[in-house]
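K.L.:
These protein sequence lines map, in sequence, to chains L and V.
If you read the first sequence in this note's numbering, its first letter stands for residue 1486, the second for the next number, and so on.
If you read the second sequence in this note's numbering, its first letter stands for residue 29, the second for the next number, and so on.
Calculated from the structure, these hints are not laboratory results.
Errors might be hidden in some of the hints.
Stated by the list, open to error - What follows is a list of derived Cβ distance ranges for each label pair:
{"no.": "1", "chain 1": "L", "residue 1": "G1759", "chain 2": "V", "residue 2": "W321", "range": "52 to 58 Å"}
{"no.": "2", "chain 1": "L", "residue 1": "I1900", "chain 2": "V", "residue 2": "S264", "range": "44 to 50 Å"}
{"no.": "3", "chain 1": "L", "residue 1": "I1900", "chain 2": "V", "residue 2": "V242", "range": "39 to 45 Å"}
{"no.": "4", "chain 1": "L", "residue 1": "R1696", "chain 2": "V", "residue 2": "W148", "range": "33 to 39 Å"}
{"no.": "5", "chain 1": "V", "residue 1": "G346", "chain 2": "L", "residue 2": "L1529", "range": "21 to 27 Å"}
To be verified - Far from chain L by the CB rule (all over 12 Å, computed), these chain V residues:
{"no.": "6", "residue": "L68"}
{"no.": "7", "residue": "T221"}
{"no.": "8", "residue": "L231"}
{"no.": "9", "residue": "R254"}
{"no.": "10", "residue": "W255"}
{"no.": "11", "residue": "V262"}
{"no.": "12", "residue": "F309"}
Note that this is a predicted model, so its numbers are computed, not measured.
Positions of the beta carbon are idealized from the N, C-alpha and C atoms, including for glycine.
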Amino acid sequence: MFESLDALLLARFQFAFTVSAHIVFPAFSIGLASYLAVLEGLWLLTRDDRYMKVYEYWKTIFAVAFGMGVVSGIVMSYQFGTNWSVFSDKTGPILGPLMGYEVLSAFFLEAGFLGVMLFGRDKVGPKLHFFATLMVAIGTLFSAFWILSVNSWMHTPTGYTINDVGQYVAADWFNVVFNPSFPYRLVHMVLAAYLTTAFVVGGVGAWHLLRNNRDNGARVMFSMAMWMALLVAPLQIVAGDFHGLNTLEHQPAKVAAMEGHYDTHKGAPLILFGIPDDEAEETRYAVEIPNLGSLILTHEWNGEVKGLKAWAKEDRPPAEIIFWSFRVMVGLGFAMMLIGLWSGVQRLRGRLFEAPWLFRASVLMMPAGFIAVLAGWITTEVGRQPWTIYGLLRTADSVSPIGAAAVGASLLSFIIIYFTVFGAGVFYIIRLMLKRPDAGVVDDSSGPSRAAGITPMAVFKDIPWINQVLSRRS
Amino acid sequence: METVFHFDLAFVWAGLIAFAILAYVVLDGFDLGVGILFPLLDNDRDRDTAMNSVSPVWDGNETWLVLGGGGLYAVFPLVYATVLPALYAPLTAMLIGLIFRGVSFEFRWRTNRGRFLWDWGFFGGSLLATLAQGIALGALVQGINIVDRQYAGGWWDWLTPFSLLTGAALLVGYVLLGATWLVMKTTGPLNDTARAFAGRAGLITLIAIAAVSVGTPFLNEVYLHRWFDWPTVVLSLIMPLLVMICVWSLYRGLRLHRDTQPFLSAISLFILCFIGIGISFYPYMVPPSVTIWDAASPDDSLAFLLVGAGILIPIILGYTAYAYWVFRGKVPPGGYH
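With the hints as constraints, model all of the structure from the sequences given.
P.N.:
Structure, rendered in structure tokens:
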């Protein structure tokens, strides 16, 4: 039934589908593991029961999400071999050890302490339990470190030579691991994971605040999430800009496609919107701002920005996809920053918890992080095409000698199973999120309004632990 | 073909990968065995207890599979790039099985109406993953056709009477591991049920080991000479003897209610079988043509990862042991959830 389709195309679909389904879970669990560690640390510091309630609330959700991340990740670790065997044989000596380090330093750490974290509090006591949570959080970050190093090397390969059977082998491991795009990609992705989680936590807090704005647990969630949005969203935009400039240096064709430029310009415009057409080699109906493209990319008014026509047609990435995915990511990034600023204003006015429209906007923004992460990955990965290892190994030359029937059948099974199994998982997670945090309500019978307290410290009054430390000192 | 022994990085790594695969088979073997026994237990409370006896450790156990796969990619990329396409269908089935099994641990507790679905997912996933692993093992033992660093066989080569036999053998083996694990970890009626299953599974496992052992030497010349030529023919006498000792210890433990002994005996059985496969295979990674040294990455890659493995594997074993220690002893009926 799949014979009319191309095995290469099916293998690419399968990779795109399974990796997209997978990245959603780590993006959430990297951030959530760190959040849980912070919550439990704050609880140890203050013994404020609200933190423990919120911790338990998110721990249950973490367990469900983490399980889905694990099983969808195992599929990835075998798919390289089943569907991309030529790639695997050639890159094994250089990328394999990095993934080996990921397994040894990250996966075992997470898995080893997950059991204690989920089921062991009564057995090990609060301090060791906090240690277990911390190890799980650190494990997720180690994992991000190694897998992003692998991915970055595929974009900007350095530190290698080629041996007599055609494998890429390391000449300098430091240059392999810390290849030119790695630091940017790592920072960008970890911040993205933190923001993704912050907007989920904030959205859940907001949802419950809309029902009862005195809900203690919801207040803790919402306040902490909005601090993240305020501080990290602008940071992420800066990090993204640096990453973009790094891409311009190493993969200018990708940037040309992101920007929708087919012709090379001095003083290139910034194309806000338009419809790129790879066949006709032009972006139709372009809405442009003159010279701004050059200013952003080269930091010069009349800087030269290469267009896609500077590369042979078979070496270009498809602008029709990444022009859009890039705009989705950037748009959501700015929307997150706006939410953060809005929350900052509300906090300064002492009305963070009396802002129903901010709550509604936050609920609406719950999936924003996931969509932005996916759009960003689509931009960078589709933008790497037609290469698996940029400039060295073509995607078409990486694939296993497999039949379309085998790939098609497994692709179909994965699609059906992922939608049913992960669909059920997401449904359970949403149901858990609809439960109230169960941390009591604020008793503010002494006066309903915080609006009067515009002293500098009032800004921090929403952070219970600072509040507590302050009141303990006084 | 040069088959002289070299003690070098490739050999060390072959040993480490073998250790990872053995650790996986033994550790996830008992999880999967519990999953296969799941619907045969008497009531929901016993099922809760059984599942919770493995909930805190299954993820760590499964990580050895990732180390096996990831390790092959790193240090024996040629094996990774040829065996995985050759075993495309069984490995895909295994992954699908592991998906269902893995998510069921949490999903099952998140729904009342849908619980039965995840009970079936847990059982079906465990069963599918086990059969697929056993069949994949059999297919590998039969040999894989490789030309020019690529798999050159057909898409159904893995399906033979022998691979079905190994699939069935692994199934009863995992059931034995799972049943003896439950003997060790549970009390009361569940313990009695588990003991009964362990008794039956032990016998069938013994028959399966015999069948596979008799079949293997006739798959190719190398195996035949290995098991019937002097001096290695001695092993053909020693190995069955050791197997019988394990089986004797298993039944003695079951009869005398020494609840840990059957599990340890079952593990020993698995280790013996694994050594048996090693004896057949050496020096090949992928019979009949790829040796350990053909498949190895350059020494530089082997050394780079070995530094990390040398430091991290002892630490991993340390905290894994700690995690088992935290949850030592009998599981309270109903479990931790």
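K.L.:
Enumerate the violated hints, using their earlier numbering and listing them in ascending order.
P.N.:
Nothing - there is no hint that the structure violates, so all of them hold.
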